[in-house]
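Engineer: Residues per chain, in single letters:
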Amino acid sequence: MAKTGQPNPIISIRSISKTYRSRSNAVDALRDISFDIVKGEFVSFLGPSGCGKSTLMMILVGLAKADGGEILIDGRRIDTPFTDVGIVFQNPELLDWRTALKNILLQIEIRRLPVQKYSERARELLAQVGLAGFDDRYPHELSGGMKQRVALCRALIHDPEILLMDEPFGALDALTRDQMNSDLQRIWLDQRKTAVLVTHSIDEAVFLSDRIVVMTPRPGTVAEVISIKLPRPRTVESRNTPEFNEYVAGIRRYFFSLGVLKDER
Amino acid sequence: MSDNRLSQEPAGDATWRRHGAWLTPLLTLVCCLAIWEAAVRFLAVPVYLLPAPSQIAAKLATSYPLFFSETLSSVASISAGFAAAVIVGIPAATLMIYSEWFRRSIYPILLTAQVLPKVALAPLFIVWFGFGLLPKVLMTFLISFFPIVIDTLTGLNSVRPESLMLLRSMGASRWQAFWKVRLPSALPSMFGGFKIAITFAVVGTIVAEFVGSDHGLGYILVLARGNLDTVTVFAAILWLVAIAFLYYFAVELLEWLLLKRRGSNRSHELGAGL
Numbered sequence: 084m085a086k087t088g089q090p091n092p093i094i095s096i097r098s099i100s101k102t103y104r105s106r107s108n109a110v111d112a113l114r115d116i117s118f119d120i121v122k123g124e125f126v127s128f129l130g131p132s133g134c135g136k137s138t139l140m141m142i143l144v145g146l147a148k149a150d151g152g153e154i155l156i157d158g159r160r161i162d163t164p165f166t167d168v169g170i171v172f173q174n175p176e177l178l179d180w181r182t183a184l185k186n187i188l189l190q191i192e193i194r195r196l197p198v199q200k201y202s203e204r205a206r207e208l209l210a211q212v213g214l215a216g217f218d219d220r221y222p223h224e225l226s227g228g229m230k231q232r233v234a235l236c237r238a239l240i241h242d243p244e245i246l247l248m249d250e251p252f253g254a255l256d257a258l259t260r261d262q263m264n265s266d267l268q269r270i271w272l273d274q275r276k277t278a279v280l281v282t283h284s285i286d287e288a289v290f291l292s293d294r295i296v297v298m299t300p301r302p303g304t305v306a307e308v309i310s311i312k313l314p315r316p317r318t319v320e321s322r323n324t325p326e327f328n329e330y331v332a333g334i335r336r337y338f339f340s341l342g343v344l345k346d347e348r
Numbered sequence: 003m004s005d006n007r008l009s010q011e012p013a014g015d016a017t018w019r020r021h022g023a024w025l026t027p028l029l030t031l032v033c034c035l036a037i038w039e040a041a042v043r044f045l046a047v048p049v050y051l052l053p054a055p056s057q058i059a060a061k062l063a064t065s066y067p068l069f070f071s072e073t074l075s076s077v078a079s080i081s082a083g084f085a086a087a088v089i090v091g092i093p094a095a096t097l098m099i100y101s102e103w104f105r106r107s108i109y110p111i112l113l114t115a116q117v118l119p120k121v122a123l124a125p126l127f128i129v130w131f132g133f134g135l136l137p138k139v140l141m142t143f144l145i146s147f148f149p150i151v152i153d154t155l156t157g158l159n160s161v162r163p164e165s166l167m168l169l170r171s172m173g174a175s176r177w178q179a180f181w182k183v184r185l186p187s188a189l190p191s192m193f194g195g196f197k198i199a200i201t202f203a204v205v206g207t208i209v210a211e212f213v214g215s216d217h218g219l220g221y222i223l224v225l226a227r228g229n230l231d232t233v234t235v236f237a238a239i240l241w242l243v244a245i246a247f248l249y250y251f252a253v254e255l256l257e258w259l260l261l262k263r264r265g266s267n268r269s270h271e272l273g274a275g276l
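Chains as they are written, first to last, in the working numbering: chain S, 84 to 348; chain W, 3 to 276.
Hints listed in this document are in silico derivations from the structure and should not be mistaken for laboratory results. Heads up, a few of these hints could be off.
For lysine-lysine, the following DSS-like pairs were computed, each having C-alpha atoms within a straight-line distance of at most 27 Å [what the hints assert, rightly or not]: (1) S:K200 with W:K182; (2) S:K345 with S:K122; (3) W:K182 with S:K148; (4) W:K262 with S:K185.
The calculated label-pair distances, taken between Cβ atoms and stated as ranges, are [said to hold, decoys possible]: (5) S:K200 with W:W18: 55 to 61 Å; (6) W:V129 with S:S105: 48 to 54 Å; (7) W:L248 with S:D167: 49 to 55 Å; (8) S:Q274 with W:S175: 38 to 44 Å; (9) S:F339 with W:P110: 55 to 61 Å; (10) S:E203 with W:F104: 41 to 47 Å.
For clarity, every value in this text was computed on a predicted model and none was experimentally measured. Glycine residues also receive a C-beta, built at the ideal position from the N, C-alpha and C atoms.
Sequences are here, hints too, so could you generate the full structure?
Structural biologist: The structure is reproduced here in structure tokens:
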């Protein structure tokens, strides 16, 4: 089912496998995953917890090692961490002794880029996510949603080729999450980065993605790739359209057929 | 500063709310001292058993120069020993984080040095280093080293793996990761160790002075006990308590200056005492 050979792929995932071994047993986390991501595309990996999607993310940018297969980015094989990337984790991972602005600029300091020059851009990014004037706030003065917005700014400040998000809104309440989805889409439409999102929310995946990779659990494999052909920008109202709900229902039905969702135990 | 029409409280209540934090312990102390003084006088307790607070106060006032110079000797030892423990302890813990080999080889030695009652080493130190400052500093160092290493180790390990992955995606060097993330996130835990270590350091110096020294408050204690001069014993103990407090508060002040921005009192506030 996995579609390879897309035109002009920026990321090529080729037969990636990963097994976690402990003393007593071995767990197949990922088995023979192949998939191509096109430049500027928004792709979501959707699946229940335990399907190895987070592991795949880490392998994708060379932060974890696969047991088999290879990753190509721009045709280059990834053996060491790929650094032209911005990452957002489920936990914002802000440093609590740095202000929002300084947290964003950590990305710049570590990369030894001119901090002064990027400070202005950091403020603009904060304004874009609705946090204008919050530069000097410390993480403990921000709500969960605000912290995650700062984390998003930190992932974008250096204008990376790829934006990687591992369940970035998983810890937020449903309303904040919908709002973050809209904000993320607006920024993505503006910057057109290649975006890879790991999520277990069907709604979120449909709302944001160009394509959704549906994954099965244990071992994680690609079950289905779904193209979402809803017009952009997608709005709050888009979530109520029959087309949107048809996609959501279709994916839910698919999980049901895979046995991921059951009516009775 | 609240609206007077709404909260019509007696003037005394306001004073109490504002100054209660230090007034309460002060009054408790005064009461205890008064009971002590009265008990010693009415029961005619011999002065070599238990001197009255007034006698101790008199001693403190008259022998001030002696206590001061001996205190300086102890202070030099405590400061040098504690500083050495910090200067050696932090790099040692850092090496233990990065080198599995170093951690494995040093840990048994560290643990042995800790479980060993260090007083037992004091006679050896006298044999090796005589009665001067060095054996005292060494004892102080030994006794305060362990909590600093252990808590620094815990602190340096408290970095979340996701934070480190983020740094790797930025292409961070080990040096950058240490200075920008690992060390700052270790600070709260490190200060936990420092606070324990500084009180230990005082104990270390006094113990060394007990066992063999010709200077310091510990030496005064031994000397006074030999002469059944209990008043001087109490006075020396008071000096000790005073410097121990000063050291502890100095560490707390430094902690407050470095960590006040982090909002760590939030859990205290929101936990409401849980």
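Engineer: For each hint, tell me whether it holds in the structure or not.
Structural biologist: Hint check:
no., hint, verdict
1, S:K200 with W:K182, "20 Å, holds"
2, S:K345 with S:K122, "37 Å, violated"
3, W:K182 with S:K148, "26 Å, holds"
4, W:K262 with S:K185, "17 Å, holds"
5, S:K200 with W:W18: 55 to 61 Å, "56 Å, holds"
6, W:V129 with S:S105: 48 to 54 Å, "53 Å, holds"
7, W:L248 with S:D167: 49 to 55 Å, "54 Å, holds"
8, S:Q274 with W:S175: 38 to 44 Å, "28 Å, violated"
9, S:F339 with W:P110: 55 to 61 Å, "57 Å, holds"
10, S:E203 with W:F104: 41 to 47 Å, "44 Å, holds"
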